[in-house]
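**Q** Here is what each chain is made of, one letter per residue.
There are 2 protein chains.
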Amino acid sequence: MNYTKQIQTFCLILLSGLTLNTAVSAESHVEAAKNGLKLPDNYKNWKVISQSHRIDNHTVRIILGNNIAVKAARTGDTHPWPNGSILGKMVWKQKIEEYWPTAIAPGKFVHAEFMFKNNKKYKGTGGWGYARWVGMKQKPYGKDRNFAQECVSCHTAVKDNDWVFTTPAIFP
Amino acid sequence: MNYTKQIQTFCLILLSGLTLNTAVSAESHVEAAKNGLKLPDNYKNWKVISQSHRIDNHTVRIILGNNIAVKAARTGDTHPWPNGSILGKMVWKQKIEEYWPTAIAPGKFVHAEFMFKNNKKYKGTGGWGYARWVGMKQKPYGKDRNFAQECVSCHTAVKDNDWVFTTPAIFP
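Chains as they are written, first to last, in the working numbering: chain A, 1 to 172; chain B, 1001 to 1172.
Think of the hints as simulated: they come from the structure by calculation, not from any bench. Glycine included, every Cβ here is placed at the ideal spot set by N, Cα and C. Hints are not guaranteed to be accurate.
What the hints assert, rightly or not - Computed list of lysine-lysine pairs in DSBU-like fashion (alpha-carbon distance at most 35 Å, straight line): (1) B/1044 / A/71; (2) B/1139 / A/95; (3) A/159 / B/1139; (4) B/1159 / A/38; (5) B/1123 / A/139; (6) B/1095 / A/108; (7) B/1044 / A/121; (8) B/1071 / A/123; (9) B/1159 / A/95; (10) A/44 / A/71; (11) A/44 / B/1143; (12) B/1038 / A/137; (13) B/1159 / A/108; (14) B/1095 / A/123; (15) A/44 / B/1123; (16) B/1095 / A/95; (17) A/89 / B/1093; (18) A/108 / B/1071; (19) B/1044 / A/44; (20) B/1159 / A/139; (21) A/139 / A/38; (22) B/1044 / A/89; (23) A/71 / B/1095; (24) B/1108 / A/108; (25) B/1044 / A/108; (26) B/1137 / A/71; (27) B/1137 / A/89; (28) A/38 / B/1044; (29) B/1159 / A/93; (30) B/1095 / A/44; (31) A/71 / B/1139; (32) A/159 / B/1044; (33) B/1093 / A/71; (34) A/34 / B/1093.
What the hints assert, rightly or not - Listed next, the stretches of chain A that the computed footprint assigns to chain B, with coverage defined by at least 3 CB atoms under 8 Å from CB atoms of chain B: (35) 83–97; (36) 138–148; (37) 158–171.
Chain A on its own, in the form it takes in the complex (with noise of 0.2 Å):
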C-alpha cells in the first residue's frame, strides 16, 4: 500500500504541474468553422514558431504550434510539415507600443487562424484544413463549407513550400 501511495502522491505532483494548461483549455464554446474544424483546445498555450509584421497591412502576428509543428518548426522537418501539425496564426492591428514609441506592438485583437496538416484528410485542400475565427467574440469566418477556397488561393503562392507563408524563427 505504501508503494501505491507514493504513485498516487507522484501523479498529484504531476498533476498540479499541468493546472494552468487545463485551466485555460476550455475552447469547447466557441462555434466550429463551417467546414467542421474546431478551434483546437488549449492553444493560447502552444510554443512559439514565429511573428511577423505585415507593413501592407497593418497587423502583427505570433505563430503558434502544436507540439508536432513546433517539434518540426526546430529540427527543420517542415518540407513537407508532418501530419498532424497544426499551425495557429494570432493577429492583432498594430499599435505604438505604449512604453516605447518606437515599437509596433499588438493592438486590437483581428482573428485567429489555423492550419491543419493532413495529408489524406485535406487533399482537396493541399493536404492542409483550414479555419479561422474571427474577432474577440471568435466568430466562424466564412459562409458556407467552402469557404477554405479563398484561403488556398491566397496560399497558392507559397505551395512551393508546403502551402505555409511562415519561415520558423530561428532559436539558440
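Add chain B to chain A, keeping to what the hints say.
**A** Then chain B, alone, in the frame of chain A:
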C-alpha cells in the same frame, strides 16, 4: 495490484505527454550571468506574452513568460508583476519574410534577455533581476556582476510600469 497497475499506466501516459518539454529543457550547459542568474530551463517552450518590432534598431522580439508571468499577463495582474514572474525576450535582427515581401520577420538571432521578479532578492535593482545571453552561443552579457545597472538605467523610463516595457497582447 490491478489498481496499482492502473495508476502506473496513468503516470506513463502523463509522462509521455511531457516528453517534448523535458527533451528540450537542458540549458545547464550555458554559462551563468555575471550576477549569478542562470538561463531558465525550458524557456523556449514558455507561453507567449507579446511581440514587438522595434523600428528604431531594426529588430523584432517575442516576449515569453514562465507560468507565473503568463497567468499574471492574461489576468491583468501586472501592477506589479507577482514575485516569481520571469519575462524572457527573444530578439532577432529584422528581415523581409521570404514568402511575403511586405512582412518583417525574425532573421539572425541577437540575444535572449530575462527579467526575474523578486521584491526582496533584487531590491537593489527595482525588484527585478536582469540577465542577457548573447547570440547563438548564448554568451553571458556584461563585464562584471554590476552589469545590470545598465539595464536598470534604461528601464528607469518605465519605473511606473513596474520597470517593464512590454504591454501583454490581448487574447480572446
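**Q** Now, for every hint given, state plainly whether the structure supports it.
**A** Verification of the hints:
no.: 1; hint: B/1044 / A/71; in the structure: holds, 12 Å
no.: 2; hint: B/1139 / A/95; in the structure: holds, 33 Å
no.: 3; hint: A/159 / B/1139; in the structure: violated, 39 Å
no.: 4; hint: B/1159 / A/38; in the structure: violated, 43 Å
no.: 5; hint: B/1123 / A/139; in the structure: violated, 46 Å
no.: 6; hint: B/1095 / A/108; in the structure: holds, 24 Å
no.: 7; hint: B/1044 / A/121; in the structure: holds, 31 Å
no.: 8; hint: B/1071 / A/123; in the structure: violated, 39 Å
no.: 9; hint: B/1159 / A/95; in the structure: holds, 22 Å
no.: 10; hint: A/44 / A/71; in the structure: holds, 17 Å
no.: 11; hint: A/44 / B/1143; in the structure: violated, 38 Å
no.: 12; hint: B/1038 / A/137; in the structure: violated, 40 Å
no.: 13; hint: B/1159 / A/108; in the structure: holds, 25 Å
no.: 14; hint: B/1095 / A/123; in the structure: holds, 33 Å
no.: 15; hint: A/44 / B/1123; in the structure: holds, 33 Å
no.: 16; hint: B/1095 / A/95; in the structure: holds, 20 Å
no.: 17; hint: A/89 / B/1093; in the structure: holds, 21 Å
no.: 18; hint: A/108 / B/1071; in the structure: holds, 20 Å
no.: 19; hint: B/1044 / A/44; in the structure: holds, 15 Å
no.: 20; hint: B/1159 / A/139; in the structure: violated, 39 Å
no.: 21; hint: A/139 / A/38; in the structure: holds, 12 Å
no.: 22; hint: B/1044 / A/89; in the structure: holds, 18 Å
no.: 23; hint: A/71 / B/1095; in the structure: holds, 23 Å
no.: 24; hint: B/1108 / A/108; in the structure: holds, 29 Å
no.: 25; hint: B/1044 / A/108; in the structure: holds, 26 Å
no.: 26; hint: B/1137 / A/71; in the structure: holds, 21 Å
no.: 27; hint: B/1137 / A/89; in the structure: holds, 29 Å
no.: 28; hint: A/38 / B/1044; in the structure: holds, 27 Å
no.: 29; hint: B/1159 / A/93; in the structure: holds, 27 Å
no.: 30; hint: B/1095 / A/44; in the structure: holds, 26 Å
no.: 31; hint: A/71 / B/1139; in the structure: holds, 25 Å
no.: 32; hint: A/159 / B/1044; in the structure: holds, 29 Å
no.: 33; hint: B/1093 / A/71; in the structure: holds, 23 Å
no.: 34; hint: A/34 / B/1093; in the structure: violated, 39 Å
no.: 35; hint: 83–97; in the structure: holds (count 3)
no.: 36; hint: 138–148; in the structure: violated (count 1)
no.: 37; hint: 158–171; in the structure: holds (count 9)
In summary, the numbered hints that this structure violates are 3, 4, 5, 8, 11, 12, 20, 34 and 36.
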